[in-house]
Structures are given as C-alpha cells and as structure tokens.
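S.K.: If you want the building blocks of each chain, they are given just below.
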Amino acid sequence: MKVTNIPFMAMRKIVAMFSVLLILISIGSLATKGLQFGLDFTGGTLVEVKYDEAPNLDDVRAVLAQNNYSDVVVQNFGSPTDVVVRMANSYTATLGDEVLVTLKEGDKVGVSLQRSEYVGAQVGEELREQGGLGMLLALAIVMLYVAVRFQFKFSVASVAALAHDVIITLGVFSIFEIEFDLTVLAALLAVIGYSLNDTIVVCDRIRENFRIMRETEPEALINESINQTLGRTIITSMTTLFVLVVLYLFGGEAINNFSFALLVGIVIGTYSSVFVAANLLLAQGITREDLIPAPKEELEDELP
Amino acid sequence: MLNKYPLWKYLLILAVLAFGVIYALPNLYPDDPALQISAQKATSAVDERTLKTAQKALDKAGIELKAAELTSAGGTLRFDNGEDQLAAKPVIAAALGDSYVTALNLVPTTPDWLASLGAGPAKLGLDLRGGVHFLLEVDTPAALKQRLEVAASEMKSALRKERIRYRSVAIKDGVMSIRFLKDADRDLAESLLKDQFDSYLYRTLEEGKSFYLTVEFSEAEQKEIEIYALQQNLTTLRNRVNELGVAEPLVQRQGSNRIVVELPGVQDTAAAKRIIGATANLEFRLEAGLDANASDTETLTFRNGSGRTAQLEKDIIITGDSVSDANSSFDENGRPQVNISLDSKGGKQMAKVTRSAVGRNMAVVFIEHKSRSRFVEQEDGSLKEVRRSYSEKGIISLATIQTTLGNSFRITGLDSPRESSELALLLRAGALAAPIYFVEERTIGPSLGAENIQLGVTSAQIGMLVVMLFMLVYYKAFGVFANVSLILNIVLLMACMSLLTATLTLPGIAGIVLTMGMAVDANVLIFSRIKEELANGLPSQQAIHSGFNRAFTTIFDANITTLLVAVILFAVGTGPVKGFAVTLSLGILTSMFTAIVVTRAQVNLVYGGRKNKRLFI
Chain V
1 MKVTNIPFMA MRKIVAMFSV LLILISIGSL ATKGLQFGLD FTGGTLVEVK YDEAPNLDDV
61 RAVLAQNNYS DVVVQNFGSP TDVVVRMANS YTATLGDEVL VTLKEGDKVG VSLQRSEYVG
121 AQVGEELREQ GGLGMLLALA IVMLYVAVRF QFKFSVASVA ALAHDVIITL GVFSIFEIEF
181 DLTVLAALLA VIGYSLNDTI VVCDRIRENF RIMRETEPEA LINESINQTL GRTIITSMTT
241 LFVLVVLYLF GGEAINNFSF ALLVGIVIGT YSSVFVAANL LLAQGITRED LIPAPKEELE
301 DELP
Chain C
1 MLNKYPLWKY LLILAVLAFG VIYALPNLYP DDPALQISAQ KATSAVDERT LKTAQKALDK
61 AGIELKAAEL TSAGGTLRFD NGEDQLAAKP VIAAALGDSY VTALNLVPTT PDWLASLGAG
121 PAKLGLDLRG GVHFLLEVDT PAALKQRLEV AASEMKSALR KERIRYRSVA IKDGVMSIRF
181 LKDADRDLAE SLLKDQFDSY LYRTLEEGKS FYLTVEFSEA EQKEIEIYAL QQNLTTLRNR
241 VNELGVAEPL VQRQGSNRIV VELPGVQDTA AAKRIIGATA NLEFRLEAGL DANASDTETL
301 TFRNGSGRTA QLEKDIIITG DSVSDANSSF DENGRPQVNI SLDSKGGKQM AKVTRSAVGR
361 NMAVVFIEHK SRSRFVEQED GSLKEVRRSY SEKGIISLAT IQTTLGNSFR ITGLDSPRES
421 SELALLLRAG ALAAPIYFVE ERTIGPSLGA ENIQLGVTSA QIGMLVVMLF MLVYYKAFGV
481 FANVSLILNI VLLMACMSLL TATLTLPGIA GIVLTMGMAV DANVLIFSRI KEELANGLPS
541 QQAIHSGFNR AFTTIFDANI TTLLVAVILF AVGTGPVKGF AVTLSLGILT SMFTAIVVTR
601 AQVNLVYGGR KNKRLFI
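Taken in order, these protein sequences are the chains called V and C.
If you use my numbering, the first sequence closes out at 304, no skipped numbers anywhere.
If you use my numbering, the second sequence closes out at 617, no skipped numbers anywhere.
The set of hints was computed from the structure by calculation and includes no laboratory data.
Glycine included, every Cβ here is placed at the ideal spot set by N, Cα and C.
Accuracy of the hints is not assured; some may be wrong.
Below 27 Å or equal to it, Euclidean Cα-Cα: the simulated DSSO-like pairs (lysine-lysine) are [said to hold, decoys possible]:
hint, chain 1, residue 1, chain 2, residue 2
1, C, K352, V, K104
2, C, K223, C, K172
3, C, K56, C, K66
4, C, K393, C, K161
5, V, K50, C, K89
6, C, K4, C, K52
Which stretches of chain V does chain C cover? Using the computed rule of at least three CB atoms under 8 Å from a CB of chain C, they are [what the hints assert, rightly or not]:
hint, stretch
7, 15-28
8, 71-80
9, 258-268
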C-alpha cells in the first residue's frame, strides 16, 4: 500500500460533528431505553434445553403455563431445537431439572438439559458495579500510562477516544436491544485494549514526526502521520475483523453477542484512532514543545 | 554485519520453541472417558481387588475396557468412547456396592515421557467440560446472632449467680442490651461482666427510668466469628464434595462471606446439587431405661463399625443445630474429651432434661439425610436407575451423665484422641456454623461442553486460515515468516496455558482467536515500516534493520497498554471472563516474542549477511 495523502485533518469539523452526533444518539438511547441487561447483571433463572425435533414455542409456553410457571420468557437460542426459558427470580436447587421434567412430559419428545443458570439479584448488582468499576479503572490506568510515556495531551486524547468507542458501542447495544451480559462486558474491555493499541500507534508516529519534521505545522504533521500509519491501521483492522466475523459466524450462540460487541467496537475503534484521537490532539493545541523537553536550566549559577 | 543473529540467539530461540512444543503437545491427545472409583468411607480402600471385581463385571456385561489403573484418589477405568463409559457406570456401581462412589470423568492421556516432564493438557473450564458451579453465601449476621445468644445466656447466669438484678435482656441488630432498674446494679453488672467476658465491648445508656448496659462484639471478635463461620461451612462442604468422588473439585472462599463450589466434569448434575444441599445433623438422646416402652425406643448401631448397638429413647433432647462450637481436648486424667457449647435454647433444654437424668447414659446420634440411586435390572435386562431418599443414623458416643448439663459440657469415655478430634470435627461439620444459601448456580450439560469445544476449535481453525491466507497474499515471503511466527505463537500460548494450569474457557478460545488477529499486528507494523524505508530509497538490508528497530517502541507501547487492560479484566472478571483475560494477556506476551524475535530470526536466516537484493514483501 502506497503512503496516501488524504486530507484527514481538513475533514475534522465534519468528522467531529459526526462523532458528537453518534455519541448524542447513543447517550439518548442509553438514557431512554437503557441496556438490555442479561441474566448476569439482573439476576434470575435461565434454563436451556435441546429438543430432538424443533418444538413449537407456543406449545412450550403452554406446557409451562399449565404447570404454574408464570412470568416465563421462552425463546430459541441459536437454532430451532435449542430453547431458552427465562424466569423471574424464584430459585430452588432443583428448578432446572423440574423444568426439564415438565417439558419432557409435555412434549413426549427427547429433551435434554444444556445448561441452567441462576444468579441472585444481589450478585447481579455486584457484577454490574464491578464491571463499571473495572471499566473506569482501565481508563484511568491507560490515562496514567500514556501521560507518563507520552504526554498529558496525548493521554486526554486517547482516553476521550476510548470513551467515544465505549459509549457508541453501548449505544448500538441499546438501540438494537441486544443482550448485554458478562461476556459483552469483557468484549468492551477488549475493545478498549484494541482501540488503544491503534491510537497509540498513531500517537507514536505523531511523536516521532514532531522530532523529525521540525518545519511542519502541527496540522499538516498529524495529517502526514495518520497517512503514514493508515496502511497498517487498515491491514490490522482487517485481519482482526476477519477473525471476528469467523467467531461471529462459527463461534456459536454463547459468544455471539461477545463477537458482535467486538466487531462493532473495533470498527468504531479504527475510525476513532484515525479521526478522533488526532482531532482531539489538535483541538488541545499540541505543539512541538509539548514533546521535546525544554532545554535544561543552566547549572552554573548553583555552583559556588 | 547487519541482520545477523549470533548463534546463541538462534539456539535460544530453538530452545524456547522446543520447550513450547513439548508443553503444548499434551493438548493434542484427547481425553479418555473414564469412571473414577473412590471409597465412600475410609475403611474401604480401592485396591487391585476392587479393580478386578470391576473388570469382571465389565467382561460379563460385554463392555470393553481400555485400561484400569490405581491412582492416589482411587481407581480409574478408561474407556474407548463415551457410550461405553455411560453403559459401564451402572454395571460398576452394581458390582461394587454402596461403599464405593463411581463418578463419570474425563482423564488426560498424556504419554508417560511427557508427563514425566511435568507436561499436561490445559485445564478446561466448566463451559467446555460441563459441570456445576455454585456460589453459596454464608449468613454471617445469623452466625453472630447465634453467638450473641449463647453469650446472653451465659451472662444471665453469671448475673444470677452474683445476685445482680436485671429486668430483661434483648438482642437486636447484633447488640445485646441488658435493662436494669437501678444504676448501681448496672454498674455492678458492668464490672462483673467486663471481668468475666472480656472479649466484648460494653457501653452504658440511660433512657427514662431504665438503665441499660449494651454488649457487642469487638470488631476483631466479630471478624473472627465470621471467619470461623466461613471456615466451618467450607469444611462441611469439602466433606460433602469429597463424597461425590469428583476428580478436581474446587471449594473455595470468595470474598468475606461466600463460597464457590465447582465440580467440573460432573455429568449427573442433579445428584451433585442434592448432595451439596444435603443436611446432616446430630441428635442428643437418652439411653432407654430397662422399663421403657418398646414403642418409645429405637435400637441404633454405633458408627465406628464395631457392630455395637444401643437402645435409645425416641425423644430428642436437642439436635446439632444447637451446637455452637465443639473442640477436643484432654481431661484432668489425660483422657480425651470433647467440649461442646450449645446455644441458649439448646442449653436450657439440655439442663432441663439432664437435671433429672444424672447417672443415665446419653447418646450422640449422627443423622444424614441422603438419597441414593440404585440400578435395578429390568425385565428386559436393561438397568434402570431408581432413586430413594433415606436417613442414616448412627451413634457417635454413649456416655454417662455426671451432672446437670448446661450450655457447655463435655463428652468423655472416648477411646482415643483421634476419636475425640473426629467427633469434634463431625459435630462442627454436621451443624453448619451459619445458614447458607445459593446465590448463583450454573449448570452446563456435558453435551453443551463438547459442542462448545467443537465450535471453539472450528472457529480457531478457520480464523487462523483466513489470517494466514491474507498475510501470504499481502506480504508474500514475509507473509510466510509472519505465518510461521503465528503458528509458533499459538504453540507457545498453549504451552503457557498448560504450564500455568490456567483454565481454558469458551471466551478464552475467543481470546486466542482474537490474539491471532492481533498478533500479526506487530508484523504488520514492522513490514509496513520496511516497505516505507524501501520507498525512501534505503537498501534492503538497512530497510530491514531500521524497520524492525523503529517499529519496536510502537509495538511495545501498544502492547503494554493492551496488557494493562487485560490484567484489569482478569482482576474484575469471574469465570469465563477471567478465561478470556488469561488468553488475551498471555497471547500478547507470546506474540511479542514470536512477532519480533522469531520473525527477525527467519528474516535474518533468509536475507541476513548477504548482498542487498530484492525483498519479496
């Protein structure tokens, strides 16, 4: 890939508006619709069973209703023969087996228990808190590391870019009402890691260029840096997206949302490392002096 | 000279790779479906004879056995396939009887020469292996309340003994308040109690015409009680889990008041849940007098297997729920004894009964509510599992009541210190120190586990293929270098997983797949740098040299930040998420080695030290 010369920084105003718009939509959706939290975070009971032949979900619901399981949600999970039954929080150690027996008797076909999960409401709340805390902690540590290795303005830019990615990915989950469970949280943290990786590569080039290209104005310099790293950004994003598509298609229902979160997050992360982080650096008025240490004070004065 | 590694560097790389291959190798050997046989009681051990019996039974049933061996935990019978394994379980259970536990299991087939190097396959998480995960919460406030109640009754009797008049004693929210009518009484009581019970915090309080003395646990004491309650329940649960004969059970404390129980590979999850949730208990009963009515008595045997029996009254004085503590020690003559503390209610009841029974014998009876599955032969010759609930009663000890018993008393007449400490343990283990309840439970059926492995492996293979094809097309010869590094990266990653006995989960496999996508990043960075330098007009040797060097800081910074995030993920995550964090962070480390060092070695071998020639990049 030839080094391109796309005027990224000339588009910065439009791009910034686009990002702000996406963030506003995401926050709007998160505020009004919220997230579709999964069992891990809400607490509750879930039983997944596998039928030998695809059942009619209405029949399954009817069987459960007849046996006094009220407040149940019955859905297919991945394939027509896999059925997930979600229940409000009423747990006994034998619930999974009881539901299985009920379904077996109701349908007279082979049914086997795939998994049953129960999470107490309090545990769910704790996991939620822990997850949020983990996310903030990750951002804080990243900010610190970048501030030490690079410079404070870089640290603000990269963390803002990460927050941008996380908010928009959350927004997508909220708008499309995709279930948000523990694995999605893990994916989100991985997105932070990945997007940061991308951003650092760009920042690294900007830092290097500030040292080499002494005559260039910051805007042109940043533009040049992005163009120089663009080839790498695209290739790496592509290989990663390839494997994620594979995971999404072949990884099975259990990690479907996980790979989806990564897919969305990495597309946005790639976009943000090209446009958002650099944009923010420029907005903060990054100069050569920020990166090249000021000449040391003369020491002679202190000597007797 | 540019782009030449000294020999030792090549040798070092080879050594690391050889090491990686050896420790990753066991993962290629599929696990054998097996039956694990363990002894139910200490008296019946698993030995050659047991295995012979099992083998004979299998021969008769026409089930082919792959291998039988004795292990430290009991016996292992290996089978060629899962069907044989499932068919064998009822046969073995019927042949060996009740004194042995048979459990379905998967055992590694690591060849001896690898095993002798300490290599073994990576541990599979519950989502890949099937099994149950419980999170149990210990109700520590209840444990505190129990202890405070015991203290209250002890304090009351101390006050009565000194003829200090109090009006009432109440316990609320972990604080006991004693009400007095005169402050003089209160002050007397305070100095007396402070003297006798020094591990509490005392405070005085006036309200209207009443004077209060409040008693609560000091923070240290409170903590100790909580820890004790948790330890006790851990012990009880461990004992129960051991009964299941699970290969690698995990019973572990989590946080200040929770216990995680994980039983990997358990295929009969319902049975596991029944046993974890089972209730064992104690009863204290009087031995029946000679003139007792037969309908009021019951003959029970002793638990020690001596065959001795005793006739006991059916009336129960108290149950093990009332035992708040038990420990073994020696009496003044050096004979073993067990000291028992009861809670207030139990103490009262015990005193009431024993006051009129001095000189008679009192028995401690151990009761276990269990359910057992038996395999019964049907008319058509097949075996059917029949489940039956029952309770098992046995006498632990029978001793003469010397005097009226109160809150704390001792049981003597025990044969040995071992017996007394076992009794104390049983008393403690039998009664959970604090109520316990399930706060989380995950059961993964064995078929789902196998399915998840299949899905994980398939997507890993396809993902790898796609990435490798892409690199080959895009970077040609250098793509080959990157691909070799990628494969070695996976090998090293698996070796590290095995060595650290880290648990591989489905999100963990996803982490490996994701690592593949990201691992080539370092090479992409390096290669695009080389291309850039070539475009700038550098000769190929210089281009390679400066490409690697200049990409290094970028790779380093980018990977360290990702590693930081992965470590946080590991710290806050549980179960499957932790598995993802493990593979992600190990993958970052190994990929840095392979992408930088191993790729460089290949490039050096092919291009290094020669004249500048065209690079296939």
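S.K.: Next step is simple, just say for each hint if it's right about the structure.
M.R.: Status of each hint after checking the structure:
With a C-alpha separation of about 54 Å, the suggested pair C:K352 and V:K104 falls outside the 27 Å cut-off, and the hint is violated. Restraint check for C:K223 and C:K172: the C-alpha separation of about 18 Å stays at or below 27 Å, so the hint holds. A C-alpha spacing of about 14 Å is found between C:K56 and C:K66, which places the hinted pair at or below 27 Å, so the restraint holds. Restraint check for C:K393 and C:K161: the C-alpha separation of about 39 Å exceeds 27 Å, so the hint is violated.
Taking the CA atoms of V:K50 and C:K89, the gap is near 24 Å; set against the 27 Å cutoff, the hint holds. At roughly 63 Å between alpha-carbon atoms, C:K4 and C:K52 are farther apart than 27 Å, so this suggested pair is violated. Proximity of the stretch 15-28 of chain V to chain C, defined as three or more residues with a beta carbon under 8 Å from a beta carbon of that chain, is not established by the 0 residues found. Here's how the stretch 71-80 of chain V fares: 0 of its residues keep a CB closer than 8 Å to some CB of chain C, so the rule of at least three is not met and the hint is violated.
For the stretch 258-268 of chain V, the assignment as covered by chain C holds, since 3 residues bring a beta-carbon within under 8 Å of that chain's beta-carbons and 3 suffice.
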